[in-house]
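If you're matching them up, the sequences are chains Z and U in order. Read the first sequence against our numbering and you will find it ends at 160, with the numbers running on by one and no gaps. Read the second sequence against our numbering and you will find it ends at 1414, with the numbers running on by one and no gaps.
Calculated directly from the structure, the hints in this document are not laboratory data. Note that CB positions come from ideal geometry on N, CA and C, so glycine has one too. Be careful, since some hints might not be right.
Unchecked claim - 27 Å max Cα-Cα, derived DSSO-like pairs, lysine-lysine:
1) Z:K16 <-> Z:K96
2) Z:K157 <-> Z:K16
3) Z:K80 <-> U:K1334
4) U:K1078 <-> Z:K80
5) U:K1073 <-> U:K1255
6) U:K1078 <-> U:K1369
As the list claims (entries may be wrong) - Label pairs and their calculated CB-CB ranges:
7) Z:A28 <-> U:G1261: 48 to 58 Å
8) U:E1208 <-> Z:P125: 38 to 48 Å
9) U:M1148 <-> Z:V12: 38 to 48 Å
10) Z:A28 <-> U:K1215: 31 to 41 Å
To be verified - A short list of chain U residues far from chain Z (calculated; beta carbon distances all over 10 Å):
11) P1204
12) I1218
13) N1310
14) K1344
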Amino acid sequence: MGIEQKAGNMGVVTLKLEEVINWSRTNAMWPMLFGLACCAIEMMSAQASNFDMSRFGMELMRPSPRQSDLMIVAGRVSRKMGPVLRWLYDQMPEPKWVIAMGDCASCGGVFNNYAIVQGVDEVVPVDVYVAGCPPRPEALIHGIVTLYEKVKEEKMKDWA
Amino acid sequence: MDIDLETNLPPDALDGMQHLVSDRAVRGETVLLNMGPQHPSTHGVLRLLLELDGEVVVNCVPDIGFLHTGIEKNMEAKTYLKAEVMTDRLDYLNNLGNNLTYVMAIEKLADLDVPPRAQAIRVLLTELQRIASHLVWLGTHALDAAAMSVFLYCFRERERILDIFEMVSGQRMMTTYFRPGGLWRDVTSGFEAAVRDFVSYFPPRVTEYDRLLTKNPIFLRRTKEIGYLEPEVALRHGVTGPMLRAAGIEFDLRKAQPYSGYELYDFDVPTHTDSDTYARYLMRMEEMRQSIRIVEQALNKLPLGPVRSNNRKYVPPPRSELGTSMEAVIHHFKLWTEGFIPPKGSVYVATESPRGELGVFLESDGGPKPYRVHWRTPSFTNIQILPILARGHLVADLVLLIGTVDILLGDVDR
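Model the full assembly from the supplied sequences, consistent with the hints where possible.
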């Protein structure tokens, strides 16, 4: 059943503005290419032929934060990298979301030591945590779909 | 911010780095440019300070440490067996190679025996890992030269290798499959069929990459005579691996000091004399072919027998013994609570990783935890050569040069 049957021959669809905006946001979300460590390899796998993340509107990984609206923190964030991460996050235009991919980005993972930020939520607000060390590409895609569900629930009155 | 009108720089911008750049930067004749740490073609979080004359690189200063993980220090706080988990995350494209180096160090320290079947499976899986690592290198290297499709081809094959790893160890990347004295467990029943399938599947794929790149005029123009490395310079800087072999020096630890039974297999160590980016590309392509040869041989004469040593002071007893033998229960309990205690001493063990000589220095003070672990990682040594390679080339070529050194920041910063 396509949209033309729903809309009849009038070519008009009525729905809430926030719904259509959220729908369009979830279908063209541009993640920033922000690979840090091991998880970045799995993130590359997720984009490559077998898993093909572009099925979920993720075709383009933007190398620049200014063109992206999703930051996938893929890997461990060291204390030296923390300020850089925040700086990049601040450069991203609103609205923006963050996925903490992997255990290191979520909570420090196996590296409970002086060098690693114990969870990237100390630096930037995180929307979705993806567990795994590293998470399988399917897990990352699941995280992205989970983020879509969250984005679809966003209300217009919350947009500043 | 105040800008000095003569140099176009903030007044204190050069204070800390005057020794790194040329006098022309101080006079404002050249431009200083920051590249990274977030840059799609630095293969991780490498930061480069570039001094540019137009588009030509005058100086290139790598700034590392953005992925410093404290792995060496963290390993000191864990028992020998638990510390092995850290080694997977060191050079995350050569997980099994790191495991192998680490467990070989423990085996040398404790004088542990390894059954021949475990040795052969180790060689087989490490060579598959080398192919997987080279596939990531090839895909990203071609991506740097703006050939997008090669990346997709490479990852298609890599998934098949990762499926084999997952089959034997339960994890795609962080396997921790090799253990002191052997393997975690024997390979699963579908393993041999899966590897045999891959052995017949893979060589035509290498030919496919060949057709995509080897005679591609754009790729040739981008790589030929770019990044020439003199053999003497390579030796002086301690460069190892494909970088060194492409400079005409045949040094491969698998031949020079065979470990884990590499002397049993018939394979060639490819070398090249051109020592440019294209030669290094050809080298690594040939290495993939040689690796698949080793895999095939290892598979054909895979010995039967146990995969773990019987030394109960280091290797946990099999599950079946736990219900019948009191000693087995005691050993099991001691191993999983306190861990094993190797004798005092220090060892250095090196293996040939896809990037070069990967060595580990392990010092034991007679306790259950290593006193000191130091990793001699090939990327850390090889990255020194980058400023020498980059000098005089365009910024666009620098992107390819980072790829040709095949650095991995997890390996550099550890």
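Okay, the hints, checked on the actual structure:
| no. | hint | in the structure |
| --- | --- | --- |
| 1 | Z:K16 <-> Z:K96 | holds, 21 Å |
| 2 | Z:K157 <-> Z:K16 | holds, 13 Å |
| 3 | Z:K80 <-> U:K1334 | violated, 39 Å |
| 4 | U:K1078 <-> Z:K80 | holds, 24 Å |
| 5 | U:K1073 <-> U:K1255 | violated, 32 Å |
| 6 | U:K1078 <-> U:K1369 | holds, 6 Å |
| 7 | Z:A28 <-> U:G1261: 48 to 58 Å | holds, 53 Å |
| 8 | U:E1208 <-> Z:P125: 38 to 48 Å | holds, 45 Å |
| 9 | U:M1148 <-> Z:V12: 38 to 48 Å | holds, 40 Å |
| 10 | Z:A28 <-> U:K1215: 31 to 41 Å | holds, 38 Å |
| 11 | P1204 | holds, 17 Å |
| 12 | I1218 | holds, 21 Å |
| 13 | N1310 | holds, 30 Å |
| 14 | K1344 | holds, 26 Å |
Violation of the numbered hints given earlier is confined to hints 3 and 5; the remaining hints are satisfied by the structure.
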